[in-house]
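Just so you know, the sequences run in chain order X and A. Mapping the first sequence onto this note's numbering, position 208 (from 1) lands on 208, and the numbers just tick up by one. Mapping the second sequence onto this note's numbering, position 168 (from 1) lands on 168, and the numbers just tick up by one.
Since the hints were derived computationally from the structure, they do not count as laboratory data. Hints are supplied without guarantee of correctness; some may be wrong.
Intra- or inter-copy, both count: the list cannot distinguish identical chains.
Below are the BS3-like pairs computed for lysine-lysine, each with C-alpha atoms no more than 25 Å apart in a straight line [to be verified]: (1) K211 <-> K63; (2) K211 <-> K237; (3) K211 <-> K264; (4) K264 <-> K63.
Number of protein chains: 2
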Amino acid sequence: MANASAGRSVLSRIMQVLGTFDVDSAFLTVSQLSQRSGLPLATTHRVVAELEQFGLLERERDKTYRIGVRLWEIACRTPGALGLREIAMPYLQDVHFSVRQHAQLGILQGHEVLFLERLSTRNAVVNVTLIGGRLPLHASSSGLVLLAHAPGSFQAEVLASGLVKYTEDTVQSPAHLRRLLAQIREQGHAVGSGFIHPAARGIAVPVYGLKESVVAAISVVVPNDSAPALPTVRLLKDAARQISAALQAAYLPPGGPQSAGGGKYRALVHSSRNSMEFLEQHRKDHPL
Amino acid sequence: MANASAGRSVLSRIMQVLGTFDVDSAFLTVSQLSQRSGLPLATTHRVVAELEQFGLLERERDKTYRIGVRLWEIACRTPGALGLREIAMPYLQDVHFSVRQHAQLGILQGHEVLFLERLSTRNAVVNVTLIGGRLPLHASSSGLVLLAHAPGSFQAEVLASGLVKYTEDTVQSPAHLRRLLAQIREQGHAVGSGFIHPAARGIAVPVYGLKESVVAAISVVVPNDSAPALPTVRLLKDAARQISAALQAAYLPPGGPQSAGGGKYRALVHSSRNSMEFLEQHRKDHPL
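Okay, chain X solo, but in the shape it has when bound (with noise of 0.2 Å):
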């Protein structure tokens, strides 16, 4: 089927079948493709074929398609997602196993946050958070973080494009949460007791790349009782203080006194010290 459009086009088919899967639809038919999509059965077909060839997408013995893990395999070179992830990781699993709730880390992403990770116990309260999902910057405690950071331009944007409503707590007016971002920013932590689910709490606090910009948010989403929360803030900003450090140490030029080890795999892998010194040195001499 040659097509004279070619390249934006295809791209566009492309991203409009794989932007089709979704938590709620992880397992999809080819007609449900096309009619979620919009594109026609045939196309479908085609694209689903082409995606099956490369592995983006994988067909399960009862005919439906799924997200193929070559895809994840790539996603794994996102130094703004899993290279991030990488970095924060230690200092969110101590944070997890003191608080034994939810802890998490959320990126600004359009007009909303996205968790880049969620760590979670069996017994934790309720929490919608998703690996990979978004919330609305004014409900969630890391979008508060985020959007407190932001430049007003992107505030009034944001205020302007509507409020979603969870809970009778959830912030409603602009007036309320342009009170909240000033607190926020002075105080250095946002707390949302109930904004989302009425059992919940998030707490969060910033995490600074270089030159002092705000690059991500890490969250606690704990029960909505009368437990104080300065206890978990402090905890919040021993990690994000470590997470900033280890981020800035990841991207100084490699082999300076501040510099963290491990050569240009920085931006994507953070193992052992040993392990970083280890991939700096051999991994050219003996590819893994």
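Starting from the known structure of chain X, fit chain A onto it as the hints suggest.
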């Protein structure tokens, strides 16, 4: 630039560009992408522009490109990668906390083991495992477990394709490897002492899915010293049993007495019990 062969070759060029990024080269210029992918410079420019438009590549200030967060976001819809990792994670964290070295989850992908997760600590022993990275089956303990449970024809292919030598202790002879695989099947675990690095020992056990098939391996990488392996093997076997049970519960039809909560979300999300019930009951009424 119209191209009459359209579809397949467009995706093949896209894959050539995306496949050029690696942990060695997370940031690349268009010229480097062209050189390494073997695509003409003009074609590379066009493919890069398209990928950037959809967020699959991100342009840095120094004009290099990196793989985009949007690609990672789509990859979070992979039941075979992120989904499996979500199910295994709480148990893998328990192993990691007990061993305080590296704890990892790997699957068979092609003729190699692909690692879906690696939890590490700062002072852990040297370890070459990367998240999203691959290792040869005969050299890594996880790979040995997966190979031991693979069909005979697959084993024959792997044995015939040559056994890369990392250290003096890497298994080199097909006969030796066959004896080792038989032993692994009998004992239910693999120990690789110094197979990849003299200082490191890998210990791995299989994770069973439905119908007694081996779907993954969990492993630790610990110092290659005189410490007995059996206590760690027991720890891993306990975790693997729990992961297998969680995996089976996640793939039984929703609502049954043995099924995990969370309805159709279970293939991708494993959060706390309350969160899974909430997702199952409320996500439809109140889209997140």
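Contradicted hints - numbers only: none
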